[in-house]
Amino acid sequence: MNLNQLYYFRTLAEFQHYTKAAAHLYISQPSLSNAMKSLEKELGCVLLEKTGRNVKLTEYGRMFYNTTCSTLNILEEGKTELAQKIKSDAGIINVACIPTAIGTRLPKSIKNFQEQNTSSPYFILHDAFSLPILTGLTNGQYDVGICSRDLHYSDLSFIPLFSEKIVVIVKPDHPLASKEKLSPTMLRPYNLITYPEKAPIGTAVRHELNAKCPNLSFSETYDGEIAIAGQVAENNDVGIVADTVLVNSFNVIKIPLTIPSDTRMVYIAYNHTRQLSPTLQTFIDYLQSGKEQYTSIKS
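The sequence shown maps to residues 76 to 374 in my numbering.
Source of the hints: derived by calculation from the structure; they are not laboratory data. This one's a predicted model, so the numbers in the text were calculated from it and none came from an experiment. Glycine residues also receive a C-beta, built at the ideal position from the N, C-alpha and C atoms. There's no promise every hint is true.
[Unchecked claim] Taking lysine-lysine and the PhoX-like style, the derived pairs with C-alpha atoms no more than 20 Å apart in a straight line are:
| id | residue 1 | residue 2 |
| --- | --- | --- |
| 1 | K95 | K131 |
| 2 | K287 | K256 |
| 3 | K160 | K183 |
[What the hints assert, rightly or not] Distance ranges between label pairs, derived from CB positions:
| id | residue 1 | residue 2 | range |
| --- | --- | --- | --- |
| 4 | K95 | H201 | 26 to 34 Å |
| 5 | D202 | L150 | 45 to 53 Å |
| 6 | C144 | H227 | 22 to 30 Å |
| 7 | P182 | P353 | 17 to 25 Å |
| 8 | K95 | P335 | 45 to 53 Å |
| 9 | D298 | Q363 | 36 to 44 Å |
Work out the full structure, taking the sequences as your base and the hints as a guide.
Laid out in structure tokens, this is it:
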């Protein structure tokens with residue numbers, strides 16, 4: 076028995092179809108079939124039985140599937156822990172950061188940290204939205220993140236770092252362009268575009284808008300400021316976005332929106348269930364101690 080057979084068996088049990096499982100594994104169907112026959116011969120029992128073009132687990136197959144999943148999960152967790160230990164010993168920190176800060180705020184912090192620490196680690200930067208960052212922190216892909224908070228990720232700790240104002244953006248000739256500020260109620264006549272509701276920033280924006288004006292009309296959602304501002308600049312849409320440098324390159328008018336200034340809060344995030352290296356802890360402490368400088372940087 077070898078690891079390939081276990082991976083093949085788990086995949087086939089989940090797809091319950093030889094052709095689909097083989098395609099997912101990037102192997103030929105005969106190779107998958109031969110591997111399963113060899114595994115069954117070694118175990119001395121039938122794990123799978125055909126039902127037309129599909130297959131299903133036998134009673135023995137269900138027992139072995141549970142064992143296989145547990146074994147492979149433990150192996151994968153061990154590989155992740157080993158990779159983290161290797162990175163830690165090599166002095167490497169993987170930092171994942173939202174697009175609005177990775178080119179403006181983060182480089183200055185890393186430069187200052189390196190200047191103040193003679194044994195500074197090597198930083199690898201990853202540009203991503205908040206949800207992929209949170210997932211990456213959970214599975215060990217990243218060591219620290221600069222992103223929104225989502226309390227569904229119970230294995231992560233969040234330290235407030237800075238906030239970004241939420242504004243309304245419109246074309247210069249839009250009827251709202253002359254307003255000095257806007258309340259959520261004033262947006263009711265318009266179809267709005269903003270972030271997806273599943274994104275942490277989208278959840279926060281909708282929560283504050285609904286608190287003052289329930290059931291506003293949202294026509295489209297986009298992942299980031301560039302996509303939203305691009306739609307506003309080319310159409311007659313009304314956008315609701317964080318006031319970041321990414322908006323500034325578009326010919327749009329930004330109007331303050333009367334919702335709490337901390338609606339869009341960005342955090343330092345890390346996985347508290349994993350052992351932090353001394354260097355990583357020092358970097359997190361440095362970011363936390365320097366959060367006032369983040370607040371003073373204007374987007």
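Going through the hints against the structure:
1. K95 x K131: Status holds; Cα separation ~14 Å.
2. K287 x K256: With a Cα-Cα distance of about 15 Å, the restraint between K287 and K256 holds, given a limit of 20 Å.
3. K160 x K183: violated (27 Å)
4. K95 x H201: 26 to 34 Å: holds (32 Å)
5. D202 x L150: 45 to 53 Å: Roughly 30 Å apart at Cβ, these two residues miss the hinted range, so it is violated.
6. C144 x H227: 22 to 30 Å: The hinted range 22 to 30 Å holds for C144 and H227, with Cβ atoms some 23 Å apart.
7. P182 x P353: 17 to 25 Å: Since the Cβ atoms of P182 and P353 sit about 23 Å apart, the hinted range of 17 to 25 Å holds.
8. K95 x P335: 45 to 53 Å: Holds, at about 49 Å.
9. D298 x Q363: 36 to 44 Å: violated (28 Å)
Comparing the model with each earlier hint shows violations of hints 3, 5, 9; every other hint is respected.
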